[in-house]
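Engineer: Going down the list, the sequences are from chains F and X. Just so we're aligned, residue 659 is where the first sequence starts under the working numbering, counting upward by one. Just so we're aligned, residue 40 is where the second sequence starts under the working numbering, counting upward by one.
Derived pair list, reagent style DMTMM-like, types lysine to aspartate or glutamate, alpha-carbon separation capped at 25 Å:
| # | chain 1 | residue 1 | chain 2 | residue 2 |
| --- | --- | --- | --- | --- |
| 1 | X | Lys231 | F | Glu664 |
| 2 | X | Lys234 | F | Glu664 |
| 3 | F | Lys774 | X | Glu52 |
| 4 | X | Lys64 | F | Glu796 |
| 5 | X | Lys64 | F | Glu664 |
| 6 | X | Lys234 | F | Asp667 |
| 7 | X | Lys231 | F | Asp675 |
Worth flagging that the hints you see were computed from the coordinates, not collected in a lab. The model shown is predicted, which means the values in this text are computed figures rather than measured ones.
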Amino acid sequence: MSYGFEILDSNGNVVIDSSDTTARVIHIQYVAYNTSSATTFTVSSFDSTTGFYYVKPHITPVTFASATATTPNKVYDSVTDVNFSFPFITTSDNRYYWEMAGGHSEASLSWNNSTKVMTVSPSSPFSHVPDVDLGNMEIVFMEYA
Amino acid sequence: MSYGIEFVNDYGERVFNSNGLMFEKSSGTMDWISQNGYLPGQGQGTENGSIFKQYQNWGRRTFFNGGGGLFSGAAHRNWTDNYTWSDTAYGRYLGCCVQVVNNTFTSKYISSNPATWYQYVRHAIPNTTGQTLSDYQELFFELPSEGLHFFGTFRNPYNNFFNASCKGLKGLAMPHSDRQTGISYVMATTEKPTKDLSTYGLQIDDASGSEIYDTRYDEKAVRIKDHVYISSGDLYDVLFTGATKTYTLRQSVTTPYIGGSPFVNWRWIRANTGSSGRQVYRMSYPKLTVSGTTLTMSRTEYDEGGFGNIFGNVLDYSKYEGSTLMIADMS
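Full structure from sequences and hints, please.
Structural biologist: Structure representation (structure tokens):
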């Protein structure tokens with residue numbers, strides 16, 4: 659490079675230089691799945707002109723009453739039940755437990771850079787698996803400039 | 040700031056403007072799934088566990104929130120064994136492709152009804168339970184020259200599935216079938232590395248005196264070279280029309296790794312187009328490759344068929360959604 663900077667380790671290897679972006683995690687927002695209405699929250703420190711965001715799904719356990727049941731008995735909430743100890747045992751009532759990679763990643767995310775408000779709108783469940791189109795997530799906000 | 044030093048990169052960005060840098064904490068090679076497993080878009084099975092989802096009949100299937108292929112469980116049993124790969128040939132299986140970080144199958148955590156339905160959960164990557172800005176973890180996956188069909192990182196926030204080792208991050212990736220060895224991964228964290236205090240260096244603080252970076256750190260910062268947003272429209276074009284999309288990176292990446300939003304997109308069809316009128320299942324994935332400054336997304340179709348006469352209706356399921364991807368150089 660003609661101008662810029664380099665940071666070397668003790669062995670003389672470049673560990674970071676002026677070609678790097680060093681995207682930085684500045685905010686993590688946990689979002690519970692919501693089938694009926696949009697979720698909004700504010701991230702005052704985020705600027706979409708100098709950052710981006712992405713979704714990380716949570717695994718979401720669900721119980722069903724039987725192998726053929728189409729409606730879950732319970733969907734565990736990875737936000738409020740974050741430290742829930744899920745046993746995964748079969749009970750005498752023939753309950754079935756399911757582990758889901760939820761994530762709600764089909765939700766529509768809309769960022770307003772003026773108001774600093776993120777709107778997470780529910781999406782239409784997949785038509786063939788409407789009962790299990792569930793799941794919480796976290797949204798990671800990164801800054802690179 | 041009133042006084043200080045700014046580190047500005049080639050693009051005019053302040054690389055130490057805030058806390059939250061990610062450092063390369065650990066790395067490894069992902070394992071092949073070794074028992075019946077499920078690809079995004081696939082489902083159905085009465086034995087063993089998938090990575091993140093188990094189910095027992097056609098009625099439910101979820102993978103990345105809404106997977107849903109309808110492959111027959113019987114047809115896919117032992118699919119990781121004794122099959123070779125092909126993009127298009129009939130009668131081939133897609134096995135041996137899902138990879139899981141820290142794939143430990145030693146924990147059978149449920150014996151449901153009937154007892155032959157064993158469920159498994161894979162352990163999380165060790166030391167990935169952080170959920171705050173100061174101890175957050177993220178995975179980056181090798182982007183091989185053969186291409187990557189999907190990748191994703193998930194959090195299991197619960198204390199216990201089988202035991203506490205299941206809490207944390209899990210990841211998966213699927214390379215193109217030409218790739219016959221495991222994909223490498225790097226676990227990055229915002230946790231500050233230890234540093235060698237016996238020597239001198241440069242410490243960079245923010246305006247409140249909080250440490251952002253220190254040149255004496257024992258671990259490298261993740262060198263993110265660019266980020267790309269791939270829209271659902273582009274994914275549709277690739278999956279449904281076979282289009283090829285290219286994205287220009289602002290610089291070449293020597294050893295590309297990829298992270299960010301789960302990139303899990305697929306189209307699954309069941310059609311009666313196989314040889315001798317037999318039914319064919321076709322799974323289509325986008326394929327990501329990087330060459331120079333070009334990130335390319337094209338389509339790969341994997342077919343299987345020939346194991347039944349025509350039955351049922353033509354089915355056409357798909358899942359695709361926009362993703363923000365980070366491209367890092369792990370040289």
